[in-house]
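Given chain A's structure and the hints, the job is docking chain B onto it.
Chain by chain, the residues run as shown.
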Amino acid sequence: QSVLTQPPSVSGAPGLRVTISCTGSRSNIGAGYGVHWYQQLPGTAPKLLIYDNTNRPSGVPDRFSGSKSGTSASLAITGLQAEDEADYYCQSYDSSLSGYVFGSGSKVTVL
Amino acid sequence: VQLVESGGGLIQPGGSLRLSCAASGFIVSSDYMNWVRQAPGKGLEWISIIYSGGSTKYADSVKGRFTISRDNSKNTLYLQMNSLRAEDTAVYYCGREYPDRGGVDVWGQGTTVTVSS
Numbered sequence: 001q002s003v004l005t006q007p008p009s010v011s012g013a014p015g016l017r018v019t020i021s022c023t024g025s026r027s028n029i030g031a032g033y034g035v036h037w038y039q040q041l042p043g044t045a046p047k048l049l050i051y052d053n054t055n056r057p058s059g060v061p062d063r064f065s066g067s068k069s070g071t072s073a074s075l076a077i078t079g080l081q082a083e084d085e086a087d088y089y090c091q092s093y094d095s096s097l098s099g100y101v102f103g104s105g106s107k108v109t110v111l
Numbered sequence: 001v002q003l004v005e006s007g008g009g010l011i012q013p014g015g016s017l018r019l020s021c022a023a024s025g026f027i028v029s030s031d032y033m034n035w036v037r038q039a040p041g042k043g044l045e046w047i048s049i050i051y052s053g054g055s056t057k058y059a060d061s062v063k064g065r066f067t068i069s070r071d072n073s074k075n076t077l078y079l080q081m082n083s084l085r086a087e088d089t090a091v092y093y094c095g096r097e098y099p100d101r102g103g104v105d106v107w108g109q110g111t112t113v114t115v116s117s
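Protein chains in written order, with this note's numbering: chain A, 1 to 111; chain B, 1 to 117.
Worth flagging that the hints you see were computed from the coordinates, not collected in a lab.
As the structure is a prediction and not an experimental result, all values here were calculated from the model.
Among the hints, a few may not be true.
[To be verified] Below, a list of computed lysine-lysine pairs in the BS3-like style, where the Cα atoms sit at most 27 Å apart: (1) A:Lys47 x B:Lys74; (2) A:Lys107 x B:Lys42; (3) A:Lys47 x A:Lys107; (4) A:Lys47 x B:Lys42; (5) B:Lys74 x B:Lys42; (6) B:Lys57 x A:Lys47.
[Claimed, not checked] Counterexamples of contact, computed for chain B against chain A with all Cβ distances above 10 Å: (7) Pro13; (8) Gly25; (9) Val115.
We put the CB at the ideal spot given by N, CA and C, even for glycine.
Next up, chain B with everything else stripped away, as it sits in the complex:
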């Protein structure tokens, strides 16, 4: 069971970026999948979840700018990030919610997004 993120990088303010999270060993569409970020030197911040049924939730800090989605054929989770701001600079982690128990039991290694001119 593994998650591997990609897509991070340096982007200018106002720009867009799409993060990917490829899963192996389980089916993304069958579980609840999260995105969590951590700004440099700061704590964890939950930002989004997609449920197995397809419904989604977002933190207020990213609502209207970020979109979580998945591609069942590729068993991959995505985070489309638009209108990026300096305060979005962080390590972004994807994670699977522990089925029927709660908490995030499988985490990716993280991908770094830096928003700067």
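Bound-form chain A, shown alone:
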């Protein structure tokens, strides 16, 4: 049971917009700790997409955006492309566990 909850799967047609939620609690997201998002293609290491809630590292397309409110965060992908099919994970710090935690992961399917 992950401390951060994500929907197992999300799907959308090419060109459309999808969002992935990441629900936490007052000991992690709600405590003000930053949320980071990763994309993981099959058989590869994760890639940092969003850091500290809303920021994109250099090279990440602006089709990817992050937001945070209260005890939850979201990743939005606009203009969905076939290459976006992957697993996506959120991450934050949890003060009760005194360590970092990942979300349960969401598989994005492009219809």
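Quick look at chain B alone, frame taken from chain A:
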């Protein structure tokens, strides 16, 4: 900027293994370094961090069994894994925390640990 892991393999339950993560392009001791694992078909699990000052944290699942360390002269991160269990079977990744920003921005390619008799 690159990380290259090594040291994975097949090990019997109760055994020990040491993973290595060689860094290039940056100084391991100046940054926060993590170990993250992924069991077959499962999600990511954070397991340990070593801060630039040398302090460490562990996930409850490995506390007391795993030890994170670094060798500054070799610019290499390590994970000593003792009392291995079947549930420790996973791909192990090392990663650098994005300096002053958070998140892991540099990842190794992963090394596979299989705990089985």
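Compare the distance between the alpha carbons of Lys74 of chain B and Lys42 of chain B with 27 Å, and conclude whether the hinted pair is satisfied.
violated (32 Å)
Can the restraint linking Lys107 of chain A and Lys42 of chain B be considered satisfied, given a maximum Cα separation of 27 Å?
Status holds; Cα separation ~12 Å.
Satisfaction of hint between Lys47 of chain A and Lys57 of chain B, Cα-Cα up to 27 Å:
holds (23 Å)
Does the alpha-carbon distance linking Lys47 of chain A and Lys107 of chain A stay inside the 27 Å limit?
Between Lys47 of chain A and Lys107 of chain A the Cα gap is close to 15 Å, so the pair holds against 27 Å.
Within 27 Å, alpha carbon to alpha carbon, are Lys47 of chain A and Lys42 of chain B?
At roughly 17 Å apart (the allowed maximum being 27 Å), Lys42 of chain B and Lys47 of chain A satisfy the hint.
For Lys47 of chain A and Lys74 of chain B, compute the direct alpha-carbon distance and say whether it is at most 27 Å.
Given pair Lys47 of chain A, Lys74 of chain B holds - Cα atoms ~26 Å apart, limit 27 Å.
Gly25 of chain B remote from chain A - nearest C-beta pair above 10 Å:
Holds, because the least Cβ-Cβ distance between Gly25 of chain B and chain A comes to about 15 Å, which exceeds 10 Å.
Test the statement that Pro13 of chain B is away from the interface with chain A: the closest C-beta pair must be farther apart than 10 Å.
Non-interface label stands for Pro13 of chain B: nearest chain A Cβ at 24 Å, farther than 10 Å.
No chain A beta carbon within 10 Å of Val115 of chain B's
holds (21 Å)
Checked against the numbered hints listed earlier, the structure breaks hint 5 alone; every other hint is satisfied.
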